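Q: Sequence:
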Amino acid sequence: MPETTPMRSLTSSPPSAGTVQPGRHWGRVLAAPALLSSLLLAACSGTPAVSPLAGARLNLQAQATTSGYAKIIRVKIGAADTQASLAAAYPGSQLLTFHPEELYATLAVNTYKTSAAVLSEEANMRLKLGEANAQGITAWSGGATAWSGGFTVWTGTGAGQANSFPDNQAVWSVIQLSGGQTRAPSLGRGVTVAVIDTGIDVNHPAFAGRLNLSRARDYVDGDTSPAEVNGSATGASAGYGHGTAVAGIITQIAPNATILPLRVLGPDGSGDLASVIQAIDYAAGAGARVINLSLGSAAASKALTAAVATAGKAEALVMASVGNSGDANVTHPAATASSFNAEMSVASVTTLKTRSAFSAFGAVEISAPGEQIRTAFPEARTVLATGTSFATPILAGVAALGLSATTKAASGLPGLIMNSASPNLSADLGTGTVNADAFLALAAK
Numbered sequence: 001m002p003e004t005t006p007m008r009s010l011t012s013s014p015p016s017a018g019t020v021q022p023g024r025h026w027g028r029v030l031a032a033p034a035l036l037s038s039l040l041l042a043a044c045s046g047t048p049a050v051s052p053l054a055g056a057r058l059n060l061q062a063q064a065t066t067s068g069y070a071k072i073i074r075v076k077i078g079a080a081d082t083q084a085s086l087a088a089a090y091p092g093s094q095l096l097t098f099h100p101e102e103l104y105a106t107l108a109v110n111t112y113k114t115s116a117a118v119l120s121e122e123a124n125m126r127l128k129l130g131e132a133n134a135q136g137i138t139a140w141s142g143g144a145t146a147w148s149g150g151f152t153v154w155t156g157t158g159a160g161q162a163n164s165f166p167d168n169q170a171v172w173s174v175i176q177l178s179g180g181q182t183r184a185p186s187l188g189r190g191v192t193v194a195v196i197d198t199g200i201d202v203n204h205p206a207f208a209g210r211l212n213l214s215r216a217r218d219y220v221d222g223d224t225s226p227a228e229v230n231g232s233a234t235g236a237s238a239g240y241g242h243g244t245a246v247a248g249i250i251t252q253i254a255p256n257a258t259i260l261p262l263r264v265l266g267p268d269g270s271g272d273l274a275s276v277i278q279a280i281d282y283a284a285g286a287g288a289r290v291i292n293l294s295l296g297s298a299a300a301s302k303a304l305t306a307a308v309a310t311a312g313k314a315e316a317l318v319m320a321s322v323g324n325s326g327d328a329n330v331t332h333p334a335a336t337a338s339s340f341n342a343e344m345s346v347a348s349v350t351t352l353k354t355r356s357a358f359s360a361f362g363a364v365e366i367s368a369p370g371e372q373i374r375t376a377f378p379e380a381r382t383v384l385a386t387g388t389s390f391a392t393p394i395l396a397g398v399a400a401l402g403l404s405a406t407t408k409a410a411s412g413l414p415g416l417i418m419n420s421a422s423p424n425l426s427a428d429l430g431t432g433t434v435n436a437d438a439f440l441a442l443a444a445k
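Take the sequence shown: its position 389, counted from the start at 1, is 389 in full-length UniProt numbering, and no numbers get skipped.
These are computed hints drawn from the structure, not numbers from a lab.
Treat the hints with care, as some may be off.
Unchecked claim - Below, simulated DSS-like cross-link-like pairs (lysine-lysine); rule was C-alpha separation at most 25 angstroms, straight line: (1) 71 <-> 113; (2) 76 <-> 113; (3) 302 <-> 113; (4) 313 <-> 408; (5) 313 <-> 76; (6) 71 <-> 302; (7) 302 <-> 313; (8) 302 <-> 76; (9) 313 <-> 445.
All of these numbers come straight from a predicted model, not from anything done at the bench.
Model the full assembly from the supplied sequences, consistent with the hints where possible.
A: See the structure below:
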């Protein structure tokens with residue numbers, strides 16, 4: 001059924017567990033009977049290299065909150081401009097990105113003096129729950145935040161070993177993961193993957209030795225802990241279950257990659273546009289080679305598109321989910337993805353390589369399985385996750401494998417991924433389903 005949510009209306013409550021609600025950007029999660037276990041992880045001790053464009057980004061207050069700002073503007077700047085001069089020119093603003101090399105900066109503002117230097121203005125799209133006249137729309141998570149009531153204990157393997165849940169063998173077979181991992185024996189070592197999401201359970205054994213917490217950020221609460229949740233009613237599972245599940249898929253595919261968790265979405269799966277822009281820019285500057293965006297908005301954003309393009313110029317690959325509307329309404333930033341700016345839009349398919357009923361289609365570059373993927377869940381548990389949110393980290397993990405096994409520039413890898421894809425049985429899903437083995441074979445040439 002077509003997307004029926006008005007551009008500037010509230011997002012409805014998530015569907016009940018185990019269902020897909022047509023016309024909404026939610027996924028589905030199914031789970032097995034419950035067991036509990038708790039283990040403590042040690043954060044990754046290595047510090048990844050910082051990109052050449054990192055200086056301007058890392059000078060920002062990366063964890064500052066932005067929900068109180070009504071507008072986002074991009075302004076023209078030159079070599080003589082500084083962060084201080086922008087603060088003086090736009091009093092009360094918050095600097096989101098600062099790129100003299102690209103001749104622009106992005107600011108969150110409430111009011112400002114109009115001038116020829118302002119390149120664009122748009123609403124800081126956000127959600128105010130419980131208000132029928134909520135201003136703007138939200139950037140929301142591309143998968144479920146409601147989970148069914150049973151989970152299994154995490155039984156993953158240790159660091160440096162590929163995970164082999166029996167539940168996922170059919171999925172890994174579809175993407176030829178075994179061959180891809182054989183061609184990339186370092187299994188993602190030295191590659192940082194930023195997960196811009198709800199935050200994650202930093203104590204989950206799936207992430208032992210695989211997190212860069214020294215550079216983690218929380219844009220929702222304005223601090224550096226990506227594991228916090230909104231107090232009482234929602235609990236840990238709803239609070240950061242989505243991001244935990246996303247990161248858990250990446251670590252199964254590229255177990256030696258480092259996860260950089262950046263929290264931009266609250267326990268209800270919503271967040272403001274300014275935080276997403278700031279997190280993308282920060283991730284590229286903090287050394288992320290891959291950025292996973294299992295989130296999206298129905299409305300286009302020039303500032304968001306610019307942030308993704310600038311990250312691509314810093315050799316960061318951006319993987320964005322297309323949404324779960326089940327129609328041709330691909331969400332942003334996936335809708336404006338282009339392999340030429342190192343961004344890929346990711347749809348979901350079944351293990352038969354037919355389109356998942358919930359997956360958006362049309363303006364898509366690539367697809368991956370996104371149904372019933374066994375992955376990590378808070379409190380040392382696992383869950384079966386379904387949605388385009390969970391197809392996207394498969395691409396992120398495969399990209400991390402490729403980056404760890406080739407000397408080719410990151411900006412050239414999306415074309416290789418697309419050219420090596422396996423044909424789908426459904427149309428309008430890009431060039432096909434990602435084939436890790438064929439991609440790594442091309443990347444090695």
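Q: Against each hint, give a clear statement of whether it holds in the structure.
A: Cross-check of the supplied hints:
| no. | hint | verdict |
| --- | --- | --- |
| 1 | 71 <-> 113 | holds (13 angstroms) |
| 2 | 76 <-> 113 | holds (14 angstroms) |
| 3 | 302 <-> 113 | holds (20 angstroms) |
| 4 | 313 <-> 408 | holds (14 angstroms) |
| 5 | 313 <-> 76 | holds (18 angstroms) |
| 6 | 71 <-> 302 | holds (12 angstroms) |
| 7 | 302 <-> 313 | holds (17 angstroms) |
| 8 | 302 <-> 76 | holds (14 angstroms) |
| 9 | 313 <-> 445 | holds (23 angstroms) |
Figure legend: structure checked against the earlier numbered hints; every hint is met.
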